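> What follows is each chain in one-letter form.
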Amino acid sequence: MSTSGFDLFDREKRLLEEGPSVFEQGSVTQLRDFSERLFERFRGVVRENEDLTKHSDRQERRLVKLNQNLKAQTKELDERKVALETLSRQLAKYLPPQIHEALFAGRYDTEVRTQRKRLTVFFSDIKDFTQTAESLQPETLTEYLNEYFSEMTRIALSFGRNHRQIYW
Amino acid sequence: MNDLIIESTDRTPAIRFIRHTLSFEIEGESYPEDVAAFYGQVIPAIEQWQQSEATSLKVCINLIYINSSSMKALYRIFDVLDQGRASGKQVSVIWGYVEDDDVMQELGEDFRDRFPELAVELKVTD
Numbered sequence: 001m002s003t004s005g006f007d008l009f010d011r012e013k014r015l016l017e018e019g020p021s022v023f024e025q026g027s028v029t030q031l032r033d034f035s036e037r038l039f040e041r042f043r044g045v046v047r048e049n050e051d052l053t054k055h056s057d058r059q060e061r062r063l064v065k066l067n068q069n070l071k072a073q074t075k076e077l078d079e080r081k082v083a084l085e086t087l088s089r090q091l092a093k094y095l096p097p098q099i100h101e102a103l104f105a106g107r108y109d110t111e112v113r114t115q116r117k118r119l120t121v122f123f124s125d126i127k128d129f130t131q132t133a134e135s136l137q138p139e140t141l142t143e144y145l146n147e148y149f150s151e152m153t154r155i156a157l158s159f160g161r162n163h164r165q166i167y168w
Numbered sequence: 169m170n171d172l173i174i175e176s177t178d179r180t181p182a183i184r185f186i187r188h189t190l191s192f193e194i195e196g197e198s199y200p201e202d203v204a205a206f207y208g209q210v211i212p213a214i215e216q217w218q219q220s221e222a223t224s225l226k227v228c229i230n231l232i233y234i235n236s237s238s239m240k241a242l243y244r245i246f247d248v249l250d251q252g253r254a255s256g257k258q259v260s261v262i263w264g265y266v267e268d269d270d271v272m273q274e275l276g277e278d279f280r281d282r283f284p285e286l287a288v289e290l291k292v293t294d
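Chains as they are written, first to last, in this note's numbering: chain A, 1 to 168; chain B, 169 to 294.
Just so you know, these hints were derived from the structure itself, not from any lab. None of these values were measured; they are calculated from a predicted model. Just so you know, even glycine gets a beta-carbon here, dropped at the ideal spot from N, CA and C. Mixed in with the good hints there might be a few duds.
Unchecked claim - Under the rule of at most 16 Å between Cα atoms (straight-line distance), these lysine to aspartate or glutamate pairs were calculated in the EDC-like manner:
{"id": "1", "chain 1": "A", "residue 1": "K117", "chain 2": "B", "residue 2": "D278"}
{"id": "2", "chain 1": "A", "residue 1": "K65", "chain 2": "B", "residue 2": "D278"}
{"id": "3", "chain 1": "B", "residue 1": "K240", "chain 2": "A", "residue 2": "D10"}
{"id": "4", "chain 1": "B", "residue 1": "K240", "chain 2": "A", "residue 2": "E143"}
{"id": "5", "chain 1": "A", "residue 1": "K54", "chain 2": "B", "residue 2": "D171"}
{"id": "6", "chain 1": "A", "residue 1": "K65", "chain 2": "B", "residue 2": "D281"}
{"id": "7", "chain 1": "B", "residue 1": "K257", "chain 2": "A", "residue 2": "E50"}
{"id": "8", "chain 1": "B", "residue 1": "K257", "chain 2": "A", "residue 2": "D51"}
{"id": "9", "chain 1": "B", "residue 1": "K240", "chain 2": "A", "residue 2": "D7"}
{"id": "10", "chain 1": "A", "residue 1": "K54", "chain 2": "B", "residue 2": "E267"}
{"id": "11", "chain 1": "A", "residue 1": "K93", "chain 2": "A", "residue 2": "D57"}
{"id": "12", "chain 1": "B", "residue 1": "K240", "chain 2": "A", "residue 2": "E147"}
Stated by the list, open to error - Chain B is nowhere near these chain A residues, computed Cβ spacing over 12 Å in every case:
{"id": "13", "residue": "F9"}
{"id": "14", "residue": "L38"}
{"id": "15", "residue": "V45"}
{"id": "16", "residue": "N49"}
{"id": "17", "residue": "L52"}
{"id": "18", "residue": "A83"}
{"id": "19", "residue": "T110"}
{"id": "20", "residue": "E139"}
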């Protein structure tokens with residue numbers, strides 16, 4: 001309901017209000033005049049409704065088309081997201097968590113430049129490694145090393161270290 | 169008959185009704201929260217023109233989107249324009265639409281068919 005006092009249907013409403021008194025008390029001339037105005041407005045309303053319906057159908061078609069495009073784009077984005085998540089999981093195996101997280105959050109600067117940093121270098125050697133390696137199956141050795149690296153990484157990370165480079 | 173200038177918003181078109189150039193423009197999108205309140209400013213201005221001594225009006229309509237209620241208001245405007253034409257005023261209407269916008273093009277064609285005496289000209293805009 002408008003607060004302006006203007007009514008888009010004022011012409012139709014005026015005719016509806018006028019009708020009962022014309023039908024009850026109006027002369028033949030008044031009835032004829034009223035019928036003509038009523039007919040004219042009715043014709044106008046039918047035309048408006050025809051065009052409104054057509055316009056509404058066209059808008060609906062446009063919406064359906066937009067919706068289809070949106071669904072196609074969403075599907076494509078979902079596929080890219082899955083690919084990116086797979087890549088992320090693969091990279092996570094080779095990158096420290098902080099760098100991995102910064103990289104995928106778009107916060108990691110990949111520019112190659114000289115940097116001076118205070119480092120802590122930890123050297124370790126597994127006692128009798130060569131002898132142990134010779135006596136183990138490759139799968140078992142890999143499992144053994146992974147356990148060692150995981151534990152060492154966990155310790156390094158607990159001190160807030162964000163780089164690890166392991167040589168052996 | 170006064171000028172009527174209304175700036176466009178996200179939901180309402182710009183309205184420029186200029187007395188000295190006898191021109192009336194609607195431009196933008198039309199889906200006001202209160203259609204009667206918005207077009208309640210515009211339709212009386214057109215009715216004033218129709219009842220005035222002015223002998224002509226150049227109308228330019230460039231709408232990107234129009235909802236059903238606004239269409240009812242536009243019909244009302246066209247009715248008044250047509251009455252002005254019938255009473256001897258010279259009325260020209262340009263219906264602009266963006267290329268490939270079939271919906272607005274076909275709506276312009278509908279108005280052209282409904283008001284053949286107004287000679288609505290359809291024009292692709294930039």
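> Work down the list of hints and note, for each, if the structure agrees.
Okay, the hints, checked on the actual structure:
1. With a CA separation close to 73 Å, the supplied pair K117(A) and D278(B) exceeds the 16 Å bound.
2. A distance of roughly 22 Å separates the Cα atoms of K65(A) and D278(B); the hinted pair therefore is violated under the 16 Å criterion.
3. Restraint check: the Cα-Cα separation between K240(B) and D10(A) comes to about 12 Å, which is no more than 16 Å; the hinted pair holds.
4. Taking the CA atoms of K240(B) and E143(A), the gap is about 76 Å. The hint is violated against a cut of 16 Å.
5. Taken as a hint, the K54(A) and D171(B) pair is broken in the structure, with Cα atoms around 34 Å apart against an allowance of 16 Å.
6. Distance hint between K65(A) and D281(B) is unfulfilled; the C-alpha atoms sit about 27 Å from each other, more than 16 Å.
7. A threshold of 16 Å between alpha carbons decides the hint, and for K257(B) with E50(A) the separation of about 28 Å lies outside it, so the pair is violated.
8. Distance check on the hinted pair: K257(B) and D51(A) sit about 26 Å apart at the alpha-carbon level, beyond 16 Å; violated.
9. About 11 Å separates the Cα atoms of K240(B) and D7(A), which keeps this hinted pair within 16 Å; it holds.
10. For the hint linking K54(A) to E267(B), the alpha-carbon distance of about 20 Å lies beyond 16 Å, and the restraint is violated.
11. Distance check on the hinted pair: K93(A) and D57(A) sit about 54 Å apart at the alpha-carbon level, beyond 16 Å; violated.
12. Among the hinted pairs, K240(B) with E147(A) is inconsistent with the structure: their alpha-carbon atoms are about 75 Å apart, more than 16 Å.
13. At roughly 8 Å from the closest C-beta of chain B, the C-beta of F9(A) falls inside 12 Å, breaking its exclusion from the interface.
14. The non-interface label for L38(A) is consistent with chain B: the shortest C-beta to C-beta separation is roughly 16 Å, beyond 12 Å.
15. At roughly 10 Å from the closest C-beta of chain B, the C-beta of V45(A) falls inside 12 Å, breaking its exclusion from the interface.
16. With 12 Å as the threshold on Cβ separation, the claim that N49(A) sits away from chain B is violated: the shortest Cβ distance comes to roughly 10 Å.
17. Against the 12 Å criterion, L52(A) falls within the reach of chain B, whose nearest CB is about 5 Å from its own CB.
18. With a least CB separation of 33 Å from chain B, A83(A) remains clear of the 12 Å interface cut-off, as annotated.
19. Every CB of chain B is more than 12 Å from the CB of T110(A) (nearest about 40 Å), matching its label as outside the interface.
20. Even its closest Cβ contact with chain B, about 62 Å, leaves E139(A) beyond 12 Å, as expected for a residue assigned away from the interface.
Hint check: violations occur at hints 1, 2, 4, 5, 6, 7, 8, 10, 11, 12, 13, 15, 16 and 17; the rest are consistent with the structure.
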